[in-house]
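Asker: Here is what each chain is made of, one letter per residue.
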Amino acid sequence: MADPRQAARPLSPHLQIYRLTVTMVMSIVHRITGAGLYAGTLLLAWWLIALASGPDAYAVFEGFIGSWFGRLVLFGYTWALIHHMLGGIRHFIWDFGKGFELRTADLMAWGTVIGSVVLTVLVWIAGYSMMGAL
Amino acid sequence: MADMRTPLSRVIGLGSAKSGAHHFWLQRVTAAANVPLALFLIASLVALSGADYATVRGYLGHPLAVIALLALILSGVWHMRLGMQVIIEDYVIAEGPKMLSLILNIFFSAAIGIACIYAALKIGFGS
Chain A
489 MADPRQAARP
499 LSPHLQIYRL
509 TVTMVMSIVH
519 RITGAGLYAG
529 TLLLAWWLIA
539 LASGPDAYAV
549 FEGFIGSWFG
559 RLVLFGYTWA
569 LIHHMLGGIR
579 HFIWDFGKGF
589 ELRTADLMAW
599 GTVIGSVVLT
609 VLVWIAGYSM
619 MGAL
Chain B
6 MADMRTPLSR
16 VIGLGSAKSG
26 AHHFWLQRVT
36 AAANVPLALF
46 LIASLVALSG
56 ADYATVRGYL
66 GHPLAVIALL
76 ALILSGVWHM
86 RLGMQVIIED
96 YVIAEGPKML
106 SLILNIFFSA
116 AIGIACIYAA
126 LKIGFGS
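Line by line, the protein sequences give chains A and B. First residue of the first sequence: 489, per our numbering; consecutive thereafter. First residue of the second sequence: 6, per our numbering; consecutive thereafter.
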């Protein structure tokens, strides 16, 4: 079969043509957070391997994650995880054929972005209030 | 080739390969599993904040924690492999780089999965 990309058909309009909508942005952010979580598994792997290796290796990990940069990365990871989770739940609702009305879809998209920020902050407040509790 | 037909019109009526939904289905099954498993991870991280090495080791060394970790790792890396595959297929157009990216995606996911599983087992068996 010939390469379909060689057909001299007009291309469909791309991102710069459309007016930004919240559902569209959340779709893009869902993909970006997914890719971020993909890279973030390196952090999870480092954590588990350091823990399995012993106190010295774990101290190196703690040194990183306890620094302001490590905290920032972990905060971003928390937000990405929660955002991707809420976005995934939105997709599940759509999978059942529900929530396609414009108003509902917009509300769910706003719910994803607002919910993800609120939940992330709550998780971090809980984390700091649990500091050293165990 | 001056064929103006769309890719869809070229293949329509040829029948399906009978496996088109496999990727989608596993994406959703692993996604469903990831929800409670990721919540376990978040709850654990909150509970363990500021904890020292022995405490974290003791917490994650519990059989139930190891089992949940293993489930999270398996479901997670599978899910992310499927997701990254779609991203690659969308953006990497040239056949060679696309094939290479798809293979590297599998290698990366497998490496993360194997490393995390080994570490979780070692934490669990306590050696």
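Everything labelled a hint here was simulated from the structure, so no lab data went into it. Note that the coordinates shown come from a computational prediction; the quantities given were computed from them, not determined experimentally. Hints should not be assumed to be uniformly reliable.
Claimed, not checked - Cβ pair distances, simulated, as ranges:
id	chain 1	residue 1	chain 2	residue 2	range
1	B	R10	A	A545	31 to 37 Å
2	B	L126	A	M618	23 to 29 Å
3	B	Y96	A	V510	19 to 25 Å
4	B	E94	A	L622	42 to 48 Å
5	B	A115	A	I520	34 to 40 Å
6	B	A115	A	F580	43 to 49 Å
7	A	M618	B	G20	55 to 61 Å
8	B	S24	A	A545	39 to 45 Å
9	B	K103	A	G585	21 to 27 Å
10	B	G18	A	I613	57 to 63 Å
As the list claims (entries may be wrong) - One-sided excerpt, in silico: chain A residues whose CB lies under 7 Å from chain B:
id	residue
11	L499
12	I516
13	V517
14	H518
15	G522
16	A527
17	L536
18	A540
19	P543
20	W556
21	G558
22	M573
23	G576
24	L610
25	A614
26	G620
Stated by the list, open to error - Now the stretches of chain B that chain A is said to cover, found in silico as 3 or more residues with beta-carbon under 8 Å:
id	region
27	88-97
28	122-131
Cβ coordinates follow ideal geometry from the N, Cα and C atoms, glycine included.
Asker: For each hint given before, does the structure comply? Return the numbers of the non-compliant ones in rising order.
Answerer: Numbers 1, 5, 6, 9, 11, 12, 13, 14, 16, 20, 21, 24 - these are the hints that the structure violates, sorted from lowest upward.
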